[in-house]
Amino acid sequence: KTMEHRTFSDAEFRFGDHGPGYLIRGPRTDAGIVRLTPGTDASNHYHKDLEETFYVIRGKATMWINCEDRYELVAGDVYQAAPGEMHYFINHSDEVFEAIFVKAPYDPADGVQVPWLEGEPKPEREG
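In the numbering used here, the protein residues as written are 75 to 201.
What the hints contain is simulated information worked out from the structure, not anything from laboratory work.
Be a bit skeptical, because a hint or two may be false.
Claimed, not checked - So the derived label-pair ranges between C-beta atoms look like this:
1. Met77 to Thr127: 30 to 38 Å
2. Glu194 to Asp91: 23 to 31 Å
3. Glu146 to Glu78: 29 to 37 Å
4. Gln154 to Lys196: 26 to 34 Å
5. Met77 to Asp168: 34 to 42 Å
6. Met77 to Glu192: 17 to 25 Å
Said to hold, decoys possible - Derived pair list, reagent style EDC-like, types lysine to aspartate or glutamate, alpha-carbon separation capped at 16 Å:
7. Lys134 to Asp115
8. Lys122 to Asp168
9. Lys134 to Glu169
10. Lys122 to Asp184
11. Lys196 to Glu159
12. Lys196 to Asp143
13. Lys134 to Asp151
Just so you know, these numbers come straight off a predicted model, no measurement behind them.
The C-beta atom is built at its ideal place from N, Cα and C for all residues, glycine as well.
Assemble the whole structure, with the sequences as input and the hints as a guide.
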């Protein structure tokens, strides 16, 4: 495989102006940007076998790990979710939040949605 090049403007966000936007897909990692406009969130989910690292580049957001541990993210922060750790983001601020994400190893099918919102009881999950 040869060198791949993308710019942030190449990201096509899942929900138009927000959500995840992939820049690189495989063969060993995925990389992209998660953008949350004010009041939007990124659904609670986990990955069975891959880890996901987030590098916050602008704005502020709240991240929940396993529906219990709350973190306030700001530019310059780096967080890594281990395999099996549920993660959920919400933007309560009045500015756009963006973080670069890197997922490895590459497995586009490894994502398990677990519906949950702030204030709800921790959900039961399989596996």
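So, going through the hints one by one against the coordinates:
1. Met77 to Thr127: 30 to 38 Å: 22 Å Cβ-Cβ, so the 30 to 38 Å window is violated.
2. Glu194 to Asp91: 23 to 31 Å: For Glu194 and Asp91 the Cβ distance comes to about 26 Å; the hint holds.
3. Glu146 to Glu78: 29 to 37 Å: 33 Å, holds
4. Gln154 to Lys196: 26 to 34 Å: 21 Å, violated
5. Met77 to Asp168: 34 to 42 Å: The hinted range 34 to 42 Å holds for Met77 and Asp168, with Cβ atoms some 39 Å apart.
6. Met77 to Glu192: 17 to 25 Å: 41 Å, violated
7. Lys134 to Asp115: The hint holds at about 12 Å.
8. Lys122 to Asp168: Answer violated: Lys122 to Asp168 is near 33 Å, above 16 Å.
9. Lys134 to Glu169: 7 Å, holds
10. Lys122 to Asp184: Holds, at roughly 6 Å.
11. Lys196 to Glu159: 13 Å, holds
12. Lys196 to Asp143: Roughly 11 Å separates the two Cα atoms, so the pair holds.
13. Lys134 to Asp151: Answer holds: Lys134 to Asp151 is near 10 Å, not above 16 Å.
Hints 1, 4, 6, 8 from the list above are not met by this structure, while the remaining hints are.
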